[in-house]
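Trainee: This is what each chain is made of:
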Amino acid sequence: MRTALFWIFSVMAVGSALGVVGSLRSPMNSALSLVVSMLALAGLYVLLEAQFVGLIQVMVYAGAIVVLFLFVIMLLNLRGSGAVGAESQPIMKAIGAIVAAGATFWLARTLASARAPWPDVDEGFGTTRAIGEALYTDYVLSVQVAGVLLLAGIVAAVVLAKKKID
Amino acid sequence: MATSTVWVAIFLFALVLLAFAPIMTWVERKQSALMQDRIGANRASILGFKALGLIHPLADVIKMITKEDTVPTGAHRLLHFASPFIAVVPAIISFAVIPYGGTYEMWGAHVSLCVADLDYGVLYVFAIGSIATYGSMLAGWAGNNNFGMLGSIRVSAQMISYEVALGITVVGLFMIFGTLKLTEMGVMQQETFRLFGFLEHLGFVAHGTGWIDWVTIPMWGIVLQPLPFFMFLTALMAENKRAPFDTPEGESEIVAGYFIEYSGMKFGLYMMGEWIEVVVISALLTAMFLGGWTIPWLPEGPMIAALTPVLGENMANLAAMVLAVHVFLIKVVILIWFQMLIRWSMPRFRYDQVMNLGWKILLPLSLANIVITALGILIVQEVTR
Amino acid sequence: MGDVSGFHFQIVAALIFAIGALGVLLRRNIIVMFMSIELMLNAANLSLVSFSREIGNDQGQILAFMVMVVAAVEVAVGLAIIISLVRNRDTVNIEDASQMKW
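Residue numbers (the working numbering), protein chains in the order written: chain H, 32 to 197; chain U, 458 to 842; chain S, 181 to 282.
Mixed in with the good hints there might be a few duds.
[What the hints assert, rightly or not] List of simulated lysine-lysine pairs, DSSO-like, C-alpha gap at most 27 Å:
no., chain 1, residue 1, chain 2, residue 2
1, U, K507, U, K487
2, H, K124, S, K281
3, U, K817, H, K193
4, U, K524, U, K487
It is worth saying that the hints were derived from the structure and are not from the lab.
Using the sequences provided together with the hints, build the complete structure.
Mentor: See below:
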């Protein structure tokens with residue numbers, strides 16, 4: 032059952048990743064493929080006993096970041112523009128496919144020794160309580176720095192996207 | 458365990474989809490009519506039997522199914538077809554974590570009246586709610602219409618703004634209960650605390666005075682966190698895009714906003730999604746703030762133990778289960794009535810008022826609530842040591 | 181879990197990373213390039229979480245959480261930059277923003 036789920040989610044993730052990169056017709060199609068990819072990755076996280084990370088993936092990535100992408104696409108009214116510039120040259124796609132395949136097979140050969148079975152983890156692994164406890168005791172400094180980073184990001188985004196008041 | 462989950466899921470499906478959605482159209486018509494001193498829709502009848510206007514939902518469904526399904530030229534066909542489903546499905550699957558009752562042992566089976574008792578129950582509802590944004594956002598874009606696009610932009614900005622307030626308002630409740638599971642919250646809300654217990658702890662009254670033990674209040678969420686109840690209700694109603702937050706749907710401004718290009722059953726699906734979401738909001742608020750399936754001052758464990766000698770263990774559990782479901786539904790119905798009341802009393806907010814409320818009022822208040830709740834927990838722990 | 185091991189998850193992560201890298205290198209639309217960057221970040225997250233499960237430690241998941249926070253900030257600021265760029269030049273082709281090229 033879990034094997035079947037793994038294959039389903041993996042094919043969905045890789046297929047929609049190809050959809051993101053290969054959607055020459057419209058950035059909207061790329062954005063929607065990105066949503067599918069995020070959701071498939073969330074499924075993979077849950078299979079890896081990382082419930083909290085999977086949930087945050089859906090809530091933050093699929094539910095907010097890609098919504099932001101879609102919002103910008105709609106705001107700027109970016110209709111499909113076809114293949115622009117160098118995208119239309121098929122030699123680029125050929126080079127790309129070869130490089131990607133080569134990199135993946137090299138990585139596969141390097142990691143061939145990583146087929147060890149997984150250790151048993153206790154039931155609280157990856158739950159909200161475990162991650163929360165770790166975040167607020169061992170990694171509390173990271174949390175505070177992340178907060179400051181988010182504040183800086185908010186201010187920067189507001190300043191950059193504002194229309195100039197003449 | 459697996460078989461009981463299937464039955465609970467089937468029960469939820471039948472109740473939610475088949476019963477609540479058409480009944481909500483009738484409730485909306487009749488309640489608004491009562492509030493506005495008119496009769497409401499009462500023309501539909503079967504063989505002259507009018508049934509107080511309950512035939513109207515059936516007439517509505519027949520009308521919507523038989524209407525022509527128009528797809529405008531230049532529209533994104535896949536999105537136009539899929540958007541109603543993306544809008545409705547999150548509302549329905551949010552029910553998976555909401556408990557209709559506790560856990561009961563009947564005839565050797567351990568029945569838990571909650572389809573998926575997830576460890577992070579409430580966060581699941583928030584995550585699914587953030588997916589629901591897509592249904593409305595893509596609807597306007599897919600229609601290739603200026604008004605639709607305006608509605609889409611408004612709806613996406615409104616929904617993601619109120620998701621922030623939605624998450625932070627209930628952090629205080631999570632701190633007090635110490636759990637995200639809705640079933641555990643329901644169980645914890647059965648406990649009571651003494652209203653005047655602080656007098657005893659602070660030393661004003663001698664220890665063991667009788668009358669203090671009589672004045673108890675159930676530890677419902679609304680008692681522990683009254684302001685977040687209303688803030689959460691506001692944020693959820695804004696997520697649902699019902700009046701007074703229906704600027705995206707602004708009927709008088711942008712002609713039905715983001716579902717302007719939808720006719721027939723697709724429009725019906727959007728409406729149904731909105732009403733099912735009203736039920737989800739009521740169910741979530743009941744489970745978190747109003748004690749879920751429990752009767753105040755009557756905890757379930759002692760009740761089952763008291764009924765067991767009379768009815769036998771199986772029947773006692775069954776009776777408790779039926780009672781729990783009824784109590785839950787009564788509370789949900791009260792909250793649905795309350796939401797309809799708000800919808801038909803208040804005029805629509807202006808768009809900048811909606812954004813103002815979400816960012817400048819709800820967010821600071823909820824952050825202040827976290828701080829005050831944390832202080833309160835510390836004080837209570839110190840005093841009751 | 182069956183015959184699926186950490187190896188399989190790493191291959192999936194590598195594939196998604198490679199596809200994202202190709203998107204950044206080959207596509208000329210700013211928004212799609214940015215989405216490819218998000219794909220690469222997600223692939224790195226998947227790799228982190230998979231290793232976290234193999235070792236049995238939750239440090240990988242916490243780092244993945246921090247990566248998500250940084251990605252969220254990056255998207256907000258990056259999209260703001262893209263908005264002002266598109267407003268000023270009225271094009272999403274990144275080859276039109278090459279004035280500082282030699």
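Trainee: All hints are to be evaluated individually against the structure, with a verdict given for each.
Mentor: Hints, one by one, checked against the model:
1. Proximity of U/K507 to U/K487 is assessed by CA-CA distance (about 14 Å); at most 27 Å being required, the pair is judged to hold.
2. A threshold of 27 Å between alpha carbons decides the hint, and for H/K124 with S/K281 the separation of about 25 Å falls inside it, so the pair holds.
3. Taken as a hint, the U/K817 and H/K193 pair is honoured in the structure, with Cα atoms around 19 Å apart against an allowance of 27 Å.
4. Of the pairs offered as hints, the one joining U/K524 and U/K487 holds, with about 25 Å between alpha carbons and a cut-off of 27 Å not exceeded.
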